[in-house]
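K.L.:
Chain order of the listed sequences is A and B.
Residue 293 is where the first sequence ends in the working numbering, and the numbering goes up by one at each step.
Residue 306 is where the second sequence ends in the working numbering, and the numbering goes up by one at each step.
Mixed in with the good hints there might be a few duds.
Unchecked claim - Just some of the chain B residues that point at chain A, by a computed CB distance under 8 Å:
(1) Ala22
(2) Gly110
(3) Ser125
As the list claims (entries may be wrong) - Quick list of in silico lysine-lysine cross-link-like pairs, DSS-like style, CA-CA up to 25 Å:
(4) B:Lys73 with B:Lys269
(5) A:Lys183 with B:Lys10
(6) B:Lys269 with B:Lys107
(7) B:Lys213 with B:Lys107
(8) A:Lys120 with A:Lys30
(9) B:Lys201 with A:Lys30
(10) B:Lys73 with B:Lys48
(11) B:Lys106 with B:Lys213
(12) B:Lys48 with B:Lys269
(13) B:Lys84 with B:Lys67
(14) A:Lys120 with B:Lys10
(15) A:Lys235 with B:Lys215
(16) B:Lys269 with B:Lys67
(17) B:Lys215 with A:Lys30
(18) A:Lys30 with B:Lys213
(19) A:Lys30 with B:Lys106
(20) B:Lys201 with B:Lys215
(21) B:Lys67 with B:Lys54
(22) B:Lys107 with A:Lys30
(23) B:Lys67 with B:Lys48
(24) B:Lys269 with B:Lys54
As the list claims (entries may be wrong) - Here are some chain A residues pointing at chain B (derived, C-beta under 10 Å):
(25) Ser44
(26) Pro134
(27) Gly164
(28) Tyr171
(29) Ala244
(30) Ile264
(31) Thr271
Just so you know, these hints were derived from the structure itself, not from any lab.
Please read all numbers here as calculations on a predicted model, not as lab measurements.
C-beta atoms are modelled at their ideal positions from N, C-alpha and C, and glycine is treated no differently.
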Amino acid sequence: MMVSRGEIRRGQTPRKIRKERPESGNIGAKIFRYVIMAIVLFISLYPILWVLISSFKEKPGGLGLPEKWVFDGYITIFTELDIQTYFFNSIVITFVSTLISVTVVAMAAYVVARMEFRGKALVTLMFSTTLFIPAISISFPIYRLLGDLGLRDTRIGVIFIYSGLGIAVTYFILQSYFMSIPKEMEEAARVDGCGYVGTFVRIILPIAKPGLATAAIMSFLNNWNEFYFASLLLKSPDKMTIPALLGQFTSAYSRNLNGMFSAIIVAVVPTIIVFCLLSETFVKSLTAGAVKG
Amino acid sequence: MARKKKILSKRTIFIIAFLLPAVFLFAVIYAYPLVNIFVTSFCEWNSKNFVAPKFLGWDHMFDNYIKMFTLDKNFQMALINSLKWVALTLVIQVPWAVLVALVLSKKERGWRFTRNMFVIPNIISTAAIGLIFLNLYSPSRGVITEICNMIAPGSDVSVLANENWAFWGVTFSFILFGGSSCLLLLTQIFSIDPSLYEAAKVDGASGLQIDLKIKLPLLKPMIGTVAVIAANYGLLLYNEIALISGGGPDNATFSLSYYVYKTALGSTKLNFARGNAAGVIQMLLGIILVGMINWFFHRRRKEDML
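Use the sequences and the hints to build the structure in full.
P.N.:
Next up, the structure:
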């Protein structure tokens, strides 16, 4: 939220790993460090591994391994529950809202980063204040507004809300990135007769790709995981996203235990796989964005 | 001169056109709802007069707030719980993240793997985390009850049925997951110039002394940033409550967010005005909190703030 600009830039060049390990002499300190690391691994992984193991049990839950490995849960969520539908909805909603949000904010951030005009400070102030407006505090007017527009329980309504949530973070990431691009690039393009829009699309956007990627990853992650508005706005199962579906297991589908455990796994595994494949990119994005949830 | 004017106006059109979509999103999703909750918090507006909120009058304009603070048990509980959760993130989550970051910064074997795994609970959906903990706490299928029965046979602990334990049940579904905070701190530690502590090492300072006396003070601004994010999360806690405890038992695990939802959107006796008033309180608390934390951590380091 309040990362200094220097931070964002520094985060971008991975430091050389120093070979010497200075404090390795002290055995006690070393043991302490490994104990902490073991605790971290345990609390981070055990809950997910427990669900994974439980999902194969005939009667999910409890300690220990399954006596008999069953796959019923996974079969039912794909055949009866149609989890594909929820995935499809999640993908569509997340992709479109991320695209809109990054595009719209990139345009505004570019203008603020590069041009002088009256009310410039006001625009930055406007984006900054959104950090202090909790989404849930203002959810009732939003809910009413979408109702009036006939957008409640529609994917478009959710896309619209997601496009606006988190614009502050996207704005800070992109604005500082645009500022770091040398002005000469645009001046050259302008001399060659490139218009404002042309310069932005053909010169600036390609250079700003890393910044755009960082902003897009943050926005994608938040929208993919968003639970509150999804569960508030989407009531018909054929429009729900994955988090909204998970919310249903506390009430509507609560008796299908194998289904619930399998659904949790199916919901979290794609995120974990993508994260493991692109961990360095993610780490960079998370440190640039600095906001979760 | 005319030529210059034309270029200027083209520029103006460009600026306006590029700002407009973002301003529109801001106006519809933030500005309008913000004004709306603020204005209607001074109105009488509930399920009886759904269509038209009615201003309470200058003498009684704060009635919603006064009733909330003096009569509404759910709100009082929500306020206390939310403040407790803020305090707990500052006392548990932030120090825990600092500790892990300092440990990982020593780059023992497996530090990168540990760091990445620590982030996983922060990047998967909180809906999934909530559901996982709901099951872990369940007496029939969870593990907490089973473990407690091993230690004290027949105790049959049911975390979510007990008022005090349910609060801690919700707390431990998020408080130790400081992975993204840890990432931020780690980046900051790696950016510290080694020459700053090489000298101390030559003078015979231990690793712990270097951590406490040199690295920690240099980390202070980033700890402030992390504290703001964590405290904000504690203040706005909703998903975990909705999925794990549903605010119960009784109202023991209400948070301000959950109160806003229940009061304005999620029950039968709806009171929109009061829900919106609670939203205003929540927002003001957030601003005060951020101000206090920033003041505490950035007193002499203003230039590090964004």
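K.L.:
Is it true that the CA of B:Lys107 sits at most 25 Å from the CA of A:Lys30?
P.N.:
holds, 11 Å
K.L.:
Holds or violated: are the alpha carbons of A:Lys120 and A:Lys30 at most 25 Å from each other?
P.N.:
violated, 52 Å
K.L.:
Take the C-alpha atoms of B:Lys84 and B:Lys67, compute the straight-line distance between them, and say whether it is at most 25 Å.
P.N.:
holds, 22 Å
K.L.:
Against chain A, with CB atoms and a cut of 8 Å, does the hint on B:Gly110 hold up?
P.N.:
OK, holds: B:Gly110 within 8 Å of chain A, min 6 Å.
K.L.:
Closer than 10 Å between Cβ atoms is the bar; does A:Thr271 clear it against chain B? Give me holds or violated.
P.N.:
Cβ of A:Thr271 sits 5 Å from chain B, so the hint holds.
K.L.:
Decide if the proposed pair is consistent with the structure: B:Lys73 and B:Lys269, CA atoms, cutoff 25 Å inclusive.
P.N.:
Holds: B:Lys73 and B:Lys269 sit about 15 Å apart, inside 25 Å.
K.L.:
B:Ser125 was flagged as interface toward chain A. Is the shortest Cβ-Cβ separation under 8 Å?
P.N.:
holds, 4 Å
K.L.:
With the threshold set at 25 Å, check whether the alpha-carbon distance from B:Lys269 to B:Lys54 stays at or below it.
P.N.:
holds, 18 Å
K.L.:
Interface hint check: A:Pro134, Cβ to nearest Cβ on chain B, cutoff 10 Å. Holds or violated?
P.N.:
holds, 5 Å
K.L.:
Within 25 Å, alpha carbon to alpha carbon, are B:Lys73 and B:Lys48?
P.N.:
holds, 22 Å
K.L.:
Holds or violated: B:Lys201 with B:Lys215, Cα cutoff 25 Å?
P.N.:
It holds: about 13 Å lies between the C-alpha atoms, which stays within 25 Å.
K.L.:
A:Lys183 and B:Lys10 were given as a pair; does the straight-line alpha-carbon distance stay at or below 25 Å?
P.N.:
holds, 20 Å
Checked against the numbered hints above, the structure violates hints 6, 8 and 15; every other hint is satisfied.
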